[in-house]
Amino acid sequence: MSIHNHPKKAKEFVSNDERMHWHDKALWFVREKRDKASKSIPEWEKLREYAQQIKTHTMANLDKYLLEFEENATKRGIKVHFAKDAKEHNEIVYNILKEHQVKKVVKSKSMLTEECHLNPFLEKKGIEVVDTDLGERIVQFRKEPPSHIVLPAIHLKKEDVAKTFHKELGTDENNSDPTYLTRAAREHLRGKFLEADAGITGVNFAIANTGGVVVCTNEGNADMGSSLPKLHIACMGIEKIIPRLQDLSIFTRLLARSATGQPITTYTSHYHGAIENGEMHIVIVDNNRANFLSSNKYKKALNCIRCGACMNTCPVYRRSGGHSYDYVIPGPIGSSLATFRDPKLHKTLSFACSLCGSCSNVCPVKIDLDSQLYNHRQDLYEKNIISTKKRVVMKLSVWVLNSPILFSILGKITRKIVPLIPKKIIYNRFNIWGKQRDIPNMPTKSFKELYKEGSIDVK
Amino acid sequence: MKIGLFIPCFMNELYPKSCIATLKLLKSLNLDVEYPEEQTCCGQPMANAGCAKDIKTLAYKFVSTFSKYDYIVAPSGSCVTMVKEHYKDFFHEDDEEYNKTKTSIYEICEFLHDIMKITKLDVKFPYKVGLHNSCHGHRALKLGTASELNIPYNNKLRNLLNLVEGIEIVDLKREDECCGFGGTFCVTQEDVSVAMGKDRINDHLDSYAQFITGADMSCLMHLEGIINRDKSPLKVVHITEILAGEVQ
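Protein chains in written order, with the UniProt record's numbering: chain A, 1 to 459; chain B, 1 to 248.
Read the hints as simulated data drawn from the structure, not as lab findings.
Treat the hints with caution; some may be incorrect.
[Unchecked claim] DEER-style ranges, computed between Cβ atoms:
{"id": "1", "chain 1": "B", "residue 1": "Glu85", "chain 2": "A", "residue 2": "Glu18", "range": "53 to 61 Å"}
{"id": "2", "chain 1": "A", "residue 1": "Asp160", "chain 2": "B", "residue 2": "Glu168", "range": "42 to 50 Å"}
{"id": "3", "chain 1": "A", "residue 1": "Ile426", "chain 2": "B", "residue 2": "Val247", "range": "47 to 55 Å"}
[Unchecked claim] DSSO-like, lysine-lysine: derived pairs with alpha carbons at most 30 Å apart:
{"id": "4", "chain 1": "A", "residue 1": "Lys297", "chain 2": "A", "residue 2": "Lys389"}
{"id": "5", "chain 1": "A", "residue 1": "Lys8", "chain 2": "B", "residue 2": "Lys198"}
{"id": "6", "chain 1": "A", "residue 1": "Lys157", "chain 2": "B", "residue 2": "Lys198"}
{"id": "7", "chain 1": "A", "residue 1": "Lys395", "chain 2": "B", "residue 2": "Lys84"}
{"id": "8", "chain 1": "A", "residue 1": "Lys389", "chain 2": "B", "residue 2": "Lys84"}
{"id": "9", "chain 1": "B", "residue 1": "Lys173", "chain 2": "A", "residue 2": "Lys36"}
{"id": "10", "chain 1": "A", "residue 1": "Lys452", "chain 2": "B", "residue 2": "Lys56"}
{"id": "11", "chain 1": "A", "residue 1": "Lys84", "chain 2": "A", "residue 2": "Lys383"}
{"id": "12", "chain 1": "A", "residue 1": "Lys297", "chain 2": "B", "residue 2": "Lys84"}
{"id": "13", "chain 1": "A", "residue 1": "Lys33", "chain 2": "B", "residue 2": "Lys142"}
{"id": "14", "chain 1": "B", "residue 1": "Lys17", "chain 2": "B", "residue 2": "Lys61"}
{"id": "15", "chain 1": "A", "residue 1": "Lys395", "chain 2": "B", "residue 2": "Lys61"}
{"id": "16", "chain 1": "B", "residue 1": "Lys142", "chain 2": "B", "residue 2": "Lys84"}
[What the hints assert, rightly or not] Listed next, the stretches of chain A that the computed footprint assigns to chain B, with coverage defined by at least 3 CB atoms under 8 Å from CB atoms of chain B:
{"id": "17", "stretch": "2 to 12"}
{"id": "18", "stretch": "235 to 248"}
{"id": "19", "stretch": "402 to 416"}
C-beta: ideal position from N, C-alpha, C; glycine also.
Chain A on its own, in the form it takes in the complex:
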């Protein structure tokens, strides 16, 4: 696989100025809604602190809580499976489906199954998989990955959806009225729910002391998918565990407010066993997560509750779009997760950030995102992954800066020469700064020169 290139993909997205601004404004609107919702709760910062503490404690005792969860879930008749990686996860899911002779599956949004590439795996085996979250269904029709973890089709306008639905569902190509399109999708999905032999859902929280899982949706599609078919498979990463039912209240108060500015998701569904005459399975996946636990610099990334707030606030994400990250989870948290997993493949992601720090402040579980991205950059250097050109330029700069005299001389020369050079030569193709920006005017003397001369009148 060739190395992913965020700047290149970002350039493509930014070049469509109208769409880029539309995207930026749509997400900023969500961020503002989040601000209002979070500021309506006086104890907001305390909640973030509690959430951070619960998650950190759970991750430090993960083996204990996973076993407690397994024991309690099993008591409820739920079949619990553990998978070490994506391949094992997909095989477990397939084997359950095969055993029940499943031909059609309805799926409720799950970033984990995206991460494991479950859909193409099952489709190859002849099983129809229908994503039932509206945004997910839209991108599935278009054979695109989601571009945001909460708003998977945020990169598309309603006119794009009208075209897609016209092609797939036979709706009027020129009618992009959201109600009209939603009705068409609902009718289409209703049929899929009724036909399905099994429902696959993600998991937002798995509660160790009850052995149940909680799924948050706004469309109720997880409930439809898990209660119409007799077979329900819930797929989760190991980090979804929380110790006790009472801990859940902290997270449900933070999750929806951070994600969309809603006080709570429309549906917060608790699953503590199969429906009557049905069967419920939970597949718990590691897929390289345990490695985070041994890394002091990056372990907090596992605390993420997938609200997407860091994406909505990130000024780079808003302007470069989710697809520019080339990873299942985009934005600041995705950049850290991806770089930790495969630094070489994702080497541009920790630099897809101006280190503004807004993500760390917005994060409901206080993940130190900007510090992680700063640290990733240093690690890439250690691992010899950053370019030789950059390495040489930086070493040379330090060499110059180590000598105050040399630095002053170079500064003086630059200030003298630059004003004499014709603009055409200054603004050459290697001057990236100068493509869309003027260079600063050169003063005759530096501060140091003026200070040494004693010519600064401080009166």
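Keeping the supplied structure of chain A fixed, place chain B upon it in accordance with the hints.
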């Protein structure tokens, strides 16, 4: 009380006016200020580019140059953040010199606001001004309350500007959005960087600002570069120049 004036490398070379304003502000408070001539750069551009290892020598040089002062004051929130936050990897946690440097370094507005606690400035600036809250100063040094947090609002830069006679600070739609400079980010991600800068400028234009000011010249340099290229009707000025009464 002896103050060591720390002037960021590029400001020394390109923006002597803002450096002079900084010196004047400190001198106007009858402080004993010295500019150590052996200083160069804190190493931030290299560290942000991933080459923190290379700047160890610069960090040592910085600490040996500045640890003798009671306070170190600089007209740049991001350079101060570099010393405060990122030098710790190079020093032992008990290193007295570094710990002294780390705790005595201040961004100029922070110093005027928190240490000198100034309540009066005898200067005028009868213009509409937009305040650009640069990220490092704003969020890392907490010069102002980040809009993401649910804590009581405060903004040290705004408080200081409010001491200036005739000034009108305009309200921006996005109070603390990043301008897109971000060190080497402005070159490695030129397209997003410029898009961010343009949006930042438009927010000021939409609010009828005549000037953009802020406490980080690097952000202002990036914004000024776009303003001059696009011939926007906005002027850029470092906050020290307004506070020192250096611009009319």
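Structure-based check of all given hints:
Glu85(B) and Glu18(A) have their C-beta atoms about 39 Å apart, which leaves the hinted 53 to 61 Å range violated. For Asp160(A) and Glu168(B), the hinted distance range of 42 to 50 Å is satisfied, since their beta carbons lie about 43 Å from each other. Distance hint check: the CB atoms of Ile426(A) and Val247(B) are about 27 Å apart, inconsistent with the given range 47 to 55 Å. With a CA separation close to 27 Å, the supplied pair Lys297(A) and Lys389(A) stays within the 30 Å bound.
Of the pairs offered as hints, the one joining Lys8(A) and Lys198(B) holds, with about 20 Å between alpha carbons and a cut-off of 30 Å not exceeded. Note on Lys157(A) and Lys198(B): the hinted pairing holds, with a Cα-Cα distance of about 23 Å set against a maximum of 30 Å. Our distance criterion of 30 Å between C-alpha atoms is met by Lys395(A) and Lys84(B), whose separation comes to about 23 Å. Between Lys389(A) and Lys84(B) the alpha-carbon distance is near 29 Å, which keeps this suggested pair within the 30 Å criterion.
Between Lys173(B) and Lys36(A) the alpha-carbon distance is near 14 Å, which keeps this suggested pair within the 30 Å criterion. Our distance criterion of 30 Å between C-alpha atoms is met by Lys452(A) and Lys56(B), whose separation comes to about 28 Å. Of the supplied pair hints, the one linking Lys84(A) and Lys383(A) holds, its CA atoms being roughly 26 Å apart against a limit of 30 Å. Proximity of Lys297(A) to Lys84(B) is assessed by CA-CA distance (about 18 Å); at most 30 Å being required, the pair is judged to hold.
Taken as a hint, the Lys33(A) and Lys142(B) pair is honoured in the structure, with Cα atoms around 24 Å apart against an allowance of 30 Å. Using a Cα cut-off of 30 Å, the hinted pair Lys17(B) and Lys61(B) holds, with the two alpha carbons roughly 26 Å apart. Of the pairs offered as hints, the one joining Lys395(A) and Lys61(B) holds, with about 16 Å between alpha carbons and a cut-off of 30 Å not exceeded. Restraint check: the Cα-Cα separation between Lys142(B) and Lys84(B) comes to about 13 Å, which is no more than 30 Å; the hinted pair holds.
For a cut-off of 8 Å, the count of residues in the stretch 2 to 12 of chain A with a CB near a CB of chain B stands at 4, and the three-residue condition holds. Proximity of the stretch 235 to 248 of chain A to chain B, defined as three or more residues with a beta carbon under 8 Å from a beta carbon of that chain, is not established by the 0 residues found. Interface restraint, the stretch 402 to 416 of chain A with chain B: holds (7 residues with C-beta to C-beta distance below 8 Å; minimum three).
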